[in-house]
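*Asks:* Sequence:
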Amino acid sequence: MLSQNISGLGMSSDSVKNIFDWIDYLVFALSLILSTCIGVYFAFFAAKKQNTTSEYLMGGRTMGIFPISMSLIASYISGISLLGLPAEMYVYGTQYWMIVVPEFFVSVTMIVVYLPVFYKLRITSSYEYLRMRFSQPVRLLGSCLFLVKMLLYIPIVVYVPALAFNQVTGINLHLITPIVCIVCIFYTTLGGLKAVVWTDTLQTILMTGGVLLVLILGTIYVGGPQVVLERSMESGRIEFLNFDFDPTIRHTVWGVCFGNYFSWLAACSVNQAMVQRCLAMPTLGKANITVLILALGIFSLVSMSCYTGLVIYAMFYNCDPISTKMIGKADQLLPYFVMEITENVPGLPGLFVSGVFSAALSSMSTGLNSMTGVIFQDLIRPHLKASISEAKASFIMKIIVVIIGSICVGAVFLVEKMGTLIQAGKSLAGITAGSLLGLFTLGMFFPWANSKGALVGGITGFGLVAWISLGAQTAIASGQITFPKKPISVEGCEVNLLNYTAETSVQTVITGDPFPLYKMSYLWYTVIGTSTTILVGLIVSFLTGPNDPKEIDPDLCTPLIHGWLPQKTKDAAEEGTLLSHRENTELTFIKSEYDMKKYPSKD
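So in full-length UniProt numbering, spot 582 of the sequence shown is number 582, and the numbers just go up one at a time.
Treat the hints with caution; some may be incorrect.
[To be verified] Using 30 Å as the maximum straight-line C-alpha spacing, the simulated DSSO-like pairs for lysine-lysine come out as follows:
1. 120 <-> 286
2. 329 <-> 519
3. 452 <-> 550
4. 550 <-> 120
5. 325 <-> 485
6. 329 <-> 485
7. 392 <-> 120
8. 120 <-> 325
9. 519 <-> 485
10. 486 <-> 325
11. 452 <-> 486
12. 486 <-> 329
Hint data in this document are derived by calculation from the structure and do not stem from the laboratory.
Model the full structure from these sequences, guided by the hints.
*Replies:* This is the structure:
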């Protein structure tokens, strides 16, 4: 049975060392038990139980800076990052490490451009904005794009820790995945946003501790930072300043910094998970602080993960475990590395696996909670009676969590057919990220844009990037597109390991050049989607009759353009005639009904 499970991952049964002992299993079990207890506490014992939509989705808008900051860090640093970033450094070099550069600029953009708009409107779903600014069909488009994005993303996130767990224990990943996901669905269902945020805080601590310990022990094991740097430089892995303007090159400074700026901006500024947590803060100032802490946390964890990749190369610089078939995929490098350096450190393998699972669970719970908010507020609540009780609404949302959680668990079985985690995750996210960022940017910066333009622009941006992304993934899988890798060696391997290199799998390679757009770096997908959505949206808006800027509520536009808005609109805002519907933020449904009258569909 064990050999069958391993061979399903492309690994030899001899390559797995079951280094988990009772201490490791205890550490891993405790992390799951503590997460479960947090959900039970907020469901049954907290002063404010999660039986209203405001408490369940927004934490009563009274959350503190520390738990929200930790939750955001845990949500955006998933297991994809913890396993994928070291693999990226090992296989392709350090150019991708430059993704930390645009983090500060993304944070400033969020604070100045997008967050003030969402905070003033006091909405529960960020996609409520699209109906206020455009129409109900545009809101539904935005909501559906977000749901598609999360349904593509969460299965990858869940697959990652199962892969690591299989590597260090030999237990079938399809056995452990449902068990752990049930725990996540359980505490997310019971405890709402508060349970998600506080479990994220616990999981951030575990995740950071695991990464830091592996990094320190690994550096010591290979001989120190100087050895890591020397071996990495000799192999050509240290590469930060590739300024080539060719967009088909997988990673350059322009793609990693400029292209990834838009990717992170879409993932943070208009993402329901981000907006929902920022609006759970009592003031805009505190929300801004959490955004800056998020940038610092991402910078630190990404840098630690990237450096760990160089440590792994320094460890296996003359005996590549992928070539020797000790592991089947580059994304298994970190767990295999942990196996090698922690055999005599009781509890550390358990802490490492707990950290990777914590990263995945935090991303999954955040996704489930935010998807529930979007499904309920945007797709279900408009069709419910106004008299529905808050307790019944909360119960419906808990049912939604269970359903979408089960769907995500089932989709995990499809993930292992994909390529490396970093590229697969970014490519799939880019399908929806660009059009979503384009829709919100179109609404906040261009008062002339109308609902027809937004709808056509959003669909066009989504369709174009989906075509490019899926076409590129197919070309990569068939061998039409390949990427140059950094050199590896097996000169230092033992003879019995070298025998593995003769066991090569047969892969059918389709000859011929792929369509030119398929060769474009995946880091430009969000830029293409955003620019297409805005450009098409503006063209269609002017062809079908642009909006009169005087009729646009300035609160629906970013503060950056308020100085250019017509005087009549600004005077109305100063008189407060456009703000009265936001005074009572607790009565979410009443506010929504009022907004429907104030911002009727323009279609």
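*Asks:* If a hint holds in the structure, say so; if it does not, say that too.
*Replies:* Against the structure, the hints come out as follows:
1. A distance of roughly 14 Å separates the Cα atoms of residue 120 and residue 286; the hinted pair therefore holds under the 30 Å criterion.
2. Proposed proximity of residue 329 and residue 519 is supported: the alpha carbons are some 23 Å apart, at most 30 Å.
3. About 19 Å separates the Cα atoms of residue 452 and residue 550, which keeps this hinted pair within 30 Å; it holds.
4. Restraint check for residue 550 and residue 120: the C-alpha separation of about 20 Å stays at or below 30 Å, so the hint holds.
5. At roughly 17 Å between alpha-carbon atoms, residue 325 and residue 485 fall within 30 Å of each other, so this suggested pair holds.
6. At roughly 14 Å between alpha-carbon atoms, residue 329 and residue 485 fall within 30 Å of each other, so this suggested pair holds.
7. As the CA atoms of residue 392 and residue 120 are separated by approximately 28 Å, the hinted pair is consistent with the 30 Å bound.
8. Of the supplied pair hints, the one linking residue 120 and residue 325 is violated, its CA atoms being roughly 56 Å apart against a limit of 30 Å.
9. With a C-alpha separation of about 16 Å, the suggested pairing of residue 519 with residue 485 holds against the 30 Å cut-off.
10. Among the hinted pairs, residue 486 with residue 325 is consistent with the structure: their alpha-carbon atoms are about 18 Å apart, no more than 30 Å.
11. Straight-line distance between C-alpha atoms of residue 452 and residue 486 comes to about 48 Å, which puts the hinted pair past the 30 Å bound.
12. Proposed proximity of residue 486 and residue 329 is supported: the alpha carbons are some 16 Å apart, at most 30 Å.
The structure does not agree with the numbered hints 8, 11 stated previously, though it agrees with the rest.
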